[in-house]
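We have chain V already, so just place chain Z on it with the hints.
Protein chains in written order, with this note's numbering: chain V, 1 to 249; chain Z, 250 to 607.
Be a bit skeptical, because a hint or two may be false.
[Unchecked claim] Beta-carbon label-pair distances, calculated as ranges:
hint : chain 1 : residue 1 : chain 2 : residue 2 : range
1    : Z       : Leu360    : V       : Gly38     : 30 to 38 Å
2    : Z       : Ser428    : V       : Gly38     : 36 to 44 Å
3    : V       : Thr125    : Z       : Arg598    : 12 to 20 Å
4    : Z       : Pro506    : V       : His183    : 32 to 40 Å
5    : Z       : Ser428    : V       : Ser174    : 39 to 47 Å
6    : Z       : Ser310    : V       : Ala116    : 54 to 62 Å
7    : Z       : Ala435    : V       : Thr125    : 41 to 49 Å
8    : Z       : Val594    : V       : Arg237    : 53 to 61 Å
9    : Z       : Arg598    : V       : Phe244    : 45 to 53 Å
10   : Z       : Arg271    : V       : Gln108    : 22 to 30 Å
11   : V       : Ala116    : Z       : Arg271    : 17 to 25 Å
12   : Z       : Pro506    : V       : Asn15     : 26 to 34 Å
13   : Z       : Pro506    : V       : Pro26     : 28 to 36 Å
14   : Z       : Ser310    : V       : Thr125    : 49 to 57 Å
[Said to hold, decoys possible] Okay, the calculated bits of chain Z under chain V, using three or more residues with CB under 8 Å as the criterion:
hint : region
15   : 482-495
16   : 499-509
17   : 540-552
FYI, nobody ran anything at the bench for these hints, they're computed from the structure. Every residue gets a Cβ at the ideal spot worked out from N, C-alpha and C, and that includes glycine.
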Amino acid sequence: MLELRGAGFGYSPQNWVFKDLSFSVPPGTVTAVLGPNGSGKTTLVRCAAGMLAVQEGAVRRSETAGYVPQARGSTFGYPALDMVVMGRARHIGVFRSPGTRDRAAALQAMDRVGIAALADRLFPTLSGGEQQLVLIARAVAGGSRLLVLDEPSTGLDLKNQVRVLQLLRELVRSGMSLLVSTHHPDHALFLADSVVLMGAEGVVTGPAGPLLADAQLSALYGVRVSTLNYDDAGTPRRTVVTPFGADER
Amino acid sequence: MLREAQPLTTGHLGGRRGPRLRQVIGPCLLSAAVLAAVSALALASGRYNVSLAHVAEILASRIVPLGSSLPAAEENVVLLVRLPRVLLALLVGGGLALGGAALQAVFRNPLVSPEVIGVSSGASFGGALALLLGLGPVALVGGSFGFGLLALAIVFLITSGRGGTHILMVVLGGIVTASFFSALVALVTYLADPFTTLPAIVFWLLGSVATATWAKVLVAFIPIAAGGVVLLALRWRINVLSLGDDDAAALGLRPRPLRWAVLSAVALMVAGAVAVSGVISWVGLVIPHLARMWVGPDHRVLLPVSFLLGGAYLIAIDTIARTATAGEIPLGVLTALIGAPVFFVLLRRNRERIWDGA
Chain V
1 MLELRGAGFG
11 YSPQNWVFKD
21 LSFSVPPGTV
31 TAVLGPNGSG
41 KTTLVRCAAG
51 MLAVQEGAVR
61 RSETAGYVPQ
71 ARGSTFGYPA
81 LDMVVMGRAR
91 HIGVFRSPGT
101 RDRAAALQAM
111 DRVGIAALAD
121 RLFPTLSGGE
131 QQLVLIARAV
141 AGGSRLLVLD
151 EPSTGLDLKN
161 QVRVLQLLRE
171 LVRSGMSLLV
181 STHHPDHALF
191 LADSVVLMGA
201 EGVVTGPAGP
211 LLADAQLSAL
221 YGVRVSTLNY
231 DDAGTPRRTV
241 VTPFGADER
Chain Z
250 MLREAQPLTT
260 GHLGGRRGPR
270 LRQVIGPCLL
280 SAAVLAAVSA
290 LALASGRYNV
300 SLAHVAEILA
310 SRIVPLGSSL
320 PAAEENVVLL
330 VRLPRVLLAL
340 LVGGGLALGG
350 AALQAVFRNP
360 LVSPEVIGVS
370 SGASFGGALA
380 LLLGLGPVAL
390 VGGSFGFGLL
400 ALAIVFLITS
410 GRGGTHILMV
420 VLGGIVTASF
430 FSALVALVTY
440 LADPFTTLPA
450 IVFWLLGSVA
460 TATWAKVLVA
470 FIPIAAGGVV
480 LLALRWRINV
490 LSLGDDDAAA
500 LGLRPRPLRW
510 AVLSAVALMV
520 AGAVAVSGVI
530 SWVGLVIPHL
540 ARMWVGPDHR
550 VLLPVSFLLG
560 GAYLIAIDTI
570 ARTATAGEIP
580 LGVLTALIGA
590 PVFFVLLRRN
600 RERIWDGA
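Just chain V, with the same shape it has in the complex (with noise of 0.2 Å):
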């Protein structure tokens, strides 16, 4: 469970990047952030997990949030294991190193995240995507019900982006929260209950459904955006269309 009440962030007095901002991630629900280039999702995001203090406002967590970063590689070159019992350091006093009930925990996270087999080889020579299931198994490993992530299928390929975002489907059914970041407004629609646009004019939070519209998601990007619904052998879908150069006429 987490919730902001009346929370706000500037980086200085007069400049915030959000005021005023209120909404709950209930359990067994995902609340996306939407939002252009530099709307400020990553800071929103940063906040909710802790990172950032929120300088109005209160952000209450029923539990530390497991914090996952998008994918960027590392300067060592830790095998995967490692890499996610590392999701363990809360649990490990400063002096101590992990032990056999972490590493259990830790093959159990990644075996969730279906990337046992990962186990040994070097996070480095991982691909992107396989990356980001290894820091979303460290997320897991840490224990909480409360996951915050930031952009996780920014940089993947299609396969890749459906992997993710089925494994954090799967977690959502188990009973968890997740606050996800993410530049496909398709990948909401795939996941959220709610959202929390972040555009120019202020930040919009509401159900998903009703927000992810045409006239909404067309302010929040500031180009012609098109939600189209289609049957996908007798599945009905939604999904987001941009009528790429249709401003050009």
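Positioned in the frame of chain V, the structure of chain Z alone reads:
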């Protein structure tokens, strides 16, 4: 030799296969054996030759009374001249290598060595000043130790406040502090009497453990052991910190206090090393690299192995320095002459393996 050891770098700790203990203990035991062998050779060789059997007998007679019948001269050479020198080289070499390994992790940069944080320069100014003023050995040790820690305090001040949170600022602060104290060292050498104090300062700055005594061993032992214990205790935390501040914070650590704890421990060790032996460069850069190529980046193994290999390396170099010629080649000169080309070859051969594209 390094080539054969290659597969070990992909070994990991805490896996399902093979007990973790073996993967830590194995490399540590092997490097400890190397250290013991090098030490024994160092104790035996020199202008006054003592056989290895006699060295063993002399050392053993200090622990259990054997009723030794060896000449007193041999005993004196081993126990009063060579043993303190070997121990001092072990402490200095091991301390610098351990400190270098920890700093490379904290700064996530393969080119970092203990000189980067400015402590060596500060300490060398303190020592040079004591020599200039003719204050004696206690002031030499105290001065270099005090100014070494002062240099760290200056780096800390430069990087505190707004914008000082980044690793880059710490590196820049270290470079600024180092060049400031280098200028002061230059000023001291300029002011020094060219016939008496100047040679003393120059030779001290070149680095040497030739003047080792049991007192100096104790002086070096206290800060190097204190810093070393802190670093070894933090070995797994250093793994987490080496992922970067963001990841460390995401995993529930407070990266800045932890980084300063590591930096302070390293500063303590470097100041202690410079105080007793002057500036000995390259050990803190080359040995951690060598160790990392062998055992991989996991600091639970890397830190103890770096200490043991650094000690063995400096003992070996020091033995060469005092046996190769009739005179004494300054240690700092040899470590650089050997260290620089070795480092170059290692980097060219193993660039991609340990550091991600660095």
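How the hints compare with the structure:
1. About 33 Å separates the C-beta atoms of Leu360(Z) and Gly38(V), a value consistent with the hinted range of 30 to 38 Å.
2. Distance hint for Ser428(Z) and Gly38(V): a CB-CB separation of about 38 Å, consistent with the stated range 36 to 44 Å.
3. Between Thr125(V) and Arg598(Z) the C-beta distance comes to about 18 Å, which sits within the given range of 12 to 20 Å.
4. Range check, Pro506(Z) to His183(V): Cβ separation about 35 Å, and the 32 to 40 Å hint holds.
5. Separation of Ser428(Z) from Ser174(V) is about 57 Å and departs from the stated range, judged on CB atoms against 39 to 47 Å.
6. The hinted range of 54 to 62 Å is satisfied by Ser310(Z) and Ala116(V), whose Cβ atoms lie roughly 57 Å apart.
7. One distance hint, 41 to 49 Å for the beta-carbon pair Ala435(Z) and Thr125(V), holds here, with the actual separation near 47 Å.
8. Between Val594(Z) and Arg237(V) the C-beta distance comes to about 59 Å, which sits within the given range of 53 to 61 Å.
9. Distance hint check for Arg598(Z) and Phe244(V): the Cβ-Cβ separation is about 49 Å, which falls inside the suggested range of 45 to 53 Å.
10. Between Arg271(Z) and Gln108(V) the beta carbon distance is about 24 Å. The supplied range of 22 to 30 Å therefore holds.
11. For Ala116(V) and Arg271(Z), the hinted distance range of 17 to 25 Å is satisfied, since their beta carbons lie about 23 Å from each other.
12. Range check, Pro506(Z) to Asn15(V): about 29 Å between beta-carbon atoms, so the 26 to 34 Å window is met.
13. Against the hinted window of 28 to 36 Å, the Cβ-Cβ separation of Pro506(Z) and Pro26(V) comes to about 35 Å, which satisfies the hint.
14. Under the hint 49 to 57 Å, the C-beta atoms of Ser310(Z) and Thr125(V), about 54 Å apart, fit the expected range.
15. With 11 residues carrying a beta carbon less than 8 Å from a beta carbon of chain V, the region 482-495 of chain Z meets the three-residue requirement, and the given coverage holds.
16. Counting residues of the region 499-509 of chain Z whose C-beta sits closer than 8 Å to any C-beta of chain V gives 4, which meets the bar of three, so the coverage hint holds.
17. Figure legend: the region 540-552 of chain Z, annotated as covered by chain V; annotation consistent (4 residues with Cβ-Cβ distances under 8 Å, at least 3 required).
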